[in-house]
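Asker: As a plain string of letters, each chain reads:
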Amino acid sequence: MERPRLIREDGLRHDGRKYDELRPVRITVGALNKASGSALVEYGGTKVLAAVYGPREIPQKHLLLPDRAIIRCRYHMLSFSTHERKSPALTRREVELSKVIREALEPVVMSETFPRTAIDIFIEVINADGGTRTAAVTAASLALADAGVPMRDLVVGVAVGKIDGVLLLDVDELEDMFGEADMPVAVAPSLGLITLLQLNGVLTREEFDAALKLALKGAAQIYEKSREALRDKYMKVRVEE
Amino acid sequence: MSHTPSLELVIPRLKASTIVSILKKGMRSSGRGLMEYRPIEIVPGYVRNADGSALVRLGNTVVVAGVKLEVGSPYPDAPNEGALVVNAEFVPTALSTFEPGPPDENAIELARVIDRSLRELKAIDMSKLVIVPGRRVWVVYIDIYALDHDGNLVDASSIATLAALMNTSLPKVEVDESGNVRVDRGTRASPLPLRNRVITVTIAKAENVMFVDPDLEEESVAETRLVVAVSEDGRIAGLQKSGAGGFTEAEVLTALDIALKAGEELIKKLVISNLGGLKAGSATPTGSSAP
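Chains W and B, in that order, are what the protein sequence lines are. According to our numbering, numbering within the first sequence proceeds without interruption in unit steps and concludes at 241. According to our numbering, numbering within the second sequence proceeds without interruption in unit steps and concludes at 1291.
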């Protein structure tokens, strides 16, 4: 594939965004019927569904902990969610992402309230256009809240990339493919805690400091939208009653 | 599915609280400083049959990394470049809770963190690993085995990987008219073309105290870790927050200061210790002692 022009002559990105502009964020809380809680999150063309089941008892008793709930998490991409078909089996990438997403959520879940149970988080990437793990964190955190799991904060994710030496917020797949660096970040904004931080690429110290600032700025906007989406759902419930 | 682990190591609550209270005073129960690594011993060329290898002892943690070069096909999107495959396994010799079987999520994460640091920095000059342009290239297999686990497997693995790559040499190859490749492993043609060196520095955090190179007991009391890949020229070549818990923005910035400084020292140490190691053309490993 030819490398397209990612920063246009007018200084805007290939899709017309400014360097610090998010793609349109759409959030539906309670997208599923059977799950204890669920959320569908879209960052532009990226579409991720998260469902939470539990806290519940599970047959695998040996996994359970006596003083708190365990969190189980699976990040999974649908076979047709990517350009090339992805094998339905879990890849090494998905195994790693399941782990880092779980670890991004552990600090906010008050798991000590439900000892000897499991809280299961299932994430399905329906369409991938960059930033699937960060959209997954946002979706999973909203699904947990929708399930009524006690939490210290919501966690929201966003990625920052470096393309042609410029730092860009919320990179899409094209920018990620031809960029020099991709840094996914997840934050619990009210706790002031960064709970997911990865860097795929090379940054100088100065670039990193600026990239982290940019990520936190984007996360603050997604946090507001997440809170709105949660409020919207429960406002509707009250009207129906 | 990834799940909250039960503790790898169960230590008495009294001991755990002692470790933490000493950390809070800016010291460590082992007598080390917060920013001090355990003694590092590197045995380059530990495995005679590998094309490059190193055994690393980081305190009581022991890791062996080996490089095998095989002739293979290039990736379609990079026809004139060699390929890199990194794998890690935590074998059951290392800890009572490690079980035989395919690599678990921790081993997969470790391998992928090291893979990314090498790949993103272009540490190996892949363009020099072409045998028949567009058809046959060298595939660099790096396999890492944790033999004895006393904490900080990531940094020990990263040191072992770099040391192994530094004493890797390419076997001599002959290509006939029809493009068949014959490998002569008995004769070494040239060292593996390394362009950049990279090392990881793991910073652990327990009750807001940050320190480098956690041992197993310290890992069990630490809430979280940040793995920073540091390049020879002082850039950040990868990051991975690992373990439940999180860092404030200020803590991340402090952790990076620590990592960049420690990384520079580690690479220096490694370069010096590897000078006496296996050179291309030689076949005598310098180490034959037990791990």
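Rather than coming from a laboratory, the hints here were simulated on the basis of the structure. Please note that a few of the clues may not be correct.
[Stated by the list, open to error] On the chain W side, residues computed to face chain B include the following (Cβ under 8 Å):
id, residue
1, Arg23
2, Lys99
3, Pro107
4, Met110
5, Ile194
6, Gln198
[Unchecked claim] Now the in silico label distances, taken between C-beta atoms and shown as ranges:
id, chain 1, residue 1, chain 2, residue 2, range
7, W, Glu206, B, Ile1272, 28 to 34 Å
8, B, Val1271, W, Val166, 33 to 39 Å
9, W, Arg56, B, Pro1100, 58 to 64 Å
10, W, Pro150, B, Asp1257, 34 to 40 Å
11, B, Arg1185, W, Arg116, 53 to 59 Å
12, W, His14, B, Asp1125, 48 to 54 Å
13, W, Pro24, B, Arg1182, 54 to 60 Å
14, B, Asp1233, W, Asp232, 31 to 37 Å
15, B, Asp1233, W, Pro24, 47 to 53 Å
16, B, Lys1025, W, Glu206, 53 to 59 Å
17, B, Gly1031, W, Arg3, 23 to 29 Å
18, B, Ile1011, W, Glu112, 16 to 22 Å
[Unchecked claim] Covered by chain B, according to a simulated footprint, are these stretches of chain W (three or more residues, beta-carbon under 8 Å):
id, segment
19, 84-96
20, 134-148
21, 164-170
22, 218-227
In this text, a Cβ means the ideal position worked out from N, Cα and C, and glycines have one as well.
Asker: Does each hint hold? Answer for all of them.
Answerer: Now the hints, each set against the structure:
A cut of 8 Å between beta carbons decides the hint on Arg23 (chain W): the least distance to chain B is about 23 Å, and the hint is violated. Look at Lys99 (chain W): its Cβ gets to within about 4 Å of chain B, closer than 8 Å, so that hint holds up. Because the closest C-beta pair between Pro107 (chain W) and chain B is about 5 Å apart, less than 8 Å, the hint holds. Because the beta carbon of Met110 (chain W) sits about 13 Å from the nearest beta carbon in chain B, more than 8 Å, this interface hint is broken.
Here the hint on Ile194 (chain W) is kept, as its CB sits about 5 Å from the closest CB of chain B, short of 8 Å. At about 5 Å, the closest approach between the beta carbon of Gln198 (chain W) and any beta carbon in chain B falls short of 8 Å, and the interface hint on this residue holds. For the pair Glu206 (chain W) and Ile1272 (chain B), the beta carbons lie near 30 Å from each other, so the given range of 28 to 34 Å is met. Separation of Val1271 (chain B) from Val166 (chain W) is about 34 Å and conforms to the stated range, judged on CB atoms against 33 to 39 Å.
For the pair Arg56 (chain W) and Pro1100 (chain B), the beta carbons lie near 31 Å from each other, so the given range of 58 to 64 Å is not met. Checked against the hint of 34 to 40 Å, the C-beta distance between Pro150 (chain W) and Asp1257 (chain B) comes to roughly 36 Å, which is consistent with it. Here the CB-CB span from Arg1185 (chain B) to Arg116 (chain W) is close to 56 Å, well matched to the stated 53 to 59 Å. The given range of 48 to 54 Å is broken by His14 (chain W) and Asp1125 (chain B), whose C-beta atoms sit roughly 31 Å from each other.
Restraint check, Pro24 (chain W) to Arg1182 (chain B): a C-beta distance of roughly 58 Å satisfies the suggested window 54 to 60 Å. The hinted range of 31 to 37 Å is not satisfied by Asp1233 (chain B) and Asp232 (chain W), whose Cβ atoms lie roughly 50 Å apart. Between Asp1233 (chain B) and Pro24 (chain W) the CB atoms are about 39 Å apart, so this pair departs from the stated range of 47 to 53 Å. For the hinted restraint 53 to 59 Å between Lys1025 (chain B) and Glu206 (chain W), the CB-CB distance of approximately 34 Å leaves it violated.
For the pair Gly1031 (chain B) and Arg3 (chain W), the supplied restraint of 23 to 29 Å is violated, since their beta-carbon distance comes to about 54 Å. For Ile1011 (chain B) and Glu112 (chain W), the hinted distance range of 16 to 22 Å is satisfied, since their beta carbons lie about 20 Å from each other. A count of 4 residues in the segment 84-96 of chain W with a Cβ less than 8 Å from any Cβ of chain B is obtained; the coverage claim is therefore met, three being the minimum. Here's how the segment 134-148 of chain W fares: 0 of its residues keep a CB closer than 8 Å to some CB of chain B, so the rule of at least three is not met and the hint is violated.
Counting residues of the segment 164-170 of chain W whose CB falls under 8 Å from any CB of chain B gives 0; the rule of at least 3 is not met. With 0 residues having a Cβ less than 8 Å from any Cβ of chain B, the segment 218-227 of chain W misses the three-residue criterion, and the hint is violated.
Checked against the numbered hints given earlier, this structure breaks hints 1, 4, 9, 12, 14, 15, 16, 17, 20, 21 and 22; the rest are met.
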